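Student: One letter stands for each residue in the lines below.
Protein chains: 2
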Amino acid sequence: MKKYMTAAVGGVLLVSALSVQAAEVDDAIEYRQGIFNAFKWNLGPMGAMIKGKMPYDQAQFTLHAQRLETLSHMPLEGFVEGSDSGDTDAKAEIWSDMDTFSAGFDKLQTNAAALVEASNTGDMEQIKPAFGAVAKSCKGCHDNFRKD
Amino acid sequence: MKKYMTAAVGGVLLVSALSVQAAEVDDAIEYRQGIFNAFKWNLGPMGAMIKGKMPYDQAQFTLHAQRLETLSHMPLEGFVEGSDSGDTDAKAEIWSDMDTFSAGFDKLQTNAAALVEASNTGDMEQIKPAFGAVAKSCKGCHDNFRKD
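In order, the protein sequences belong to chains A and B.
One rule links them: number in my numbering = place in the first sequence (from 1) + 3.
One rule links them: number in my numbering = place in the second sequence (from 1) + 3.
Just so you know, same-sequence chains aren't split out, so a pair can sit in one copy or run between any two.
Distance condition first, Cα-Cα at most 20 Å in a straight line; then the derived EDC-like pairs of lysine to aspartate or glutamate:
hint : residue 1 : residue 2
1    : 150       : 102
2    : 131       : 120
3    : 56        : 27
4    : 54        : 27
5    : 43        : 27
6    : 94        : 146
7    : 43        : 90
8    : 142       : 92
9    : 56        : 126
10   : 56        : 30
11   : 43        : 151
12   : 94        : 151
Simulated from the structure, these hints should not be mistaken for laboratory data.
Here the structure is a predicted model, which means the values were calculated and not measured.
Throw the hints in and build the complete structure from the sequences for me.
Tutor: The following block contains the structure:
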């Protein structure tokens, strides 16, 4: 199980099993849902800028992309054992296929980092597909691991 | 109002008024509460390590301190105008005294950054007071701006 609780932050790879041992399941569910709300908060304005519903602002877009990249490293540790029941839409498949679930976060982190790079160019031709890749990461995980 | 919506990220000072205009009040409340849940998620293990309820692990402690520092830059933008009503414990004083409220986040950010530095030393004599300063920042804001 430990391998799923690793997180790379500031170049340091470490095991966060200690936190998990101390965590109450309800706290874990609230935690990960909170981070997902913050995903949405940042994705919304980026999507609106891409669709032309909000004026494009490079600095603003980049801030949201940076926030998303940072946040993308956080939810996985909230999927502690036993947290498939309660006030959650998480499917049991998360725990029975943690390798795939965890790989989905790896992909999201990679795509979010690429979105930051694209945003730094200010070139919408690069930003749009990079944002699309992030959205695809989100959807892929939702389709497989979230209850409707 | 714009001055309250500024955020320094990656050395870039920018105005995030655009996001705020697009945000629904309920989304803003959910967003900031989600970030505060993530505060709690990270503060808990640090407090437990300091109190000896959990074995001290420097890398683990530092990860939580880094996360907290990152997250400390996020909630303020969720306190959009009109979000003092609804499912929130936010007092109206937040908006009538935004300068003080905003300064509280500046202080928290400074204290959280100092906690990361203290954690990097691995010296509990430095970590304890640094953590105490963070906790004091939290409590100060709660006392003044959060309903009981």
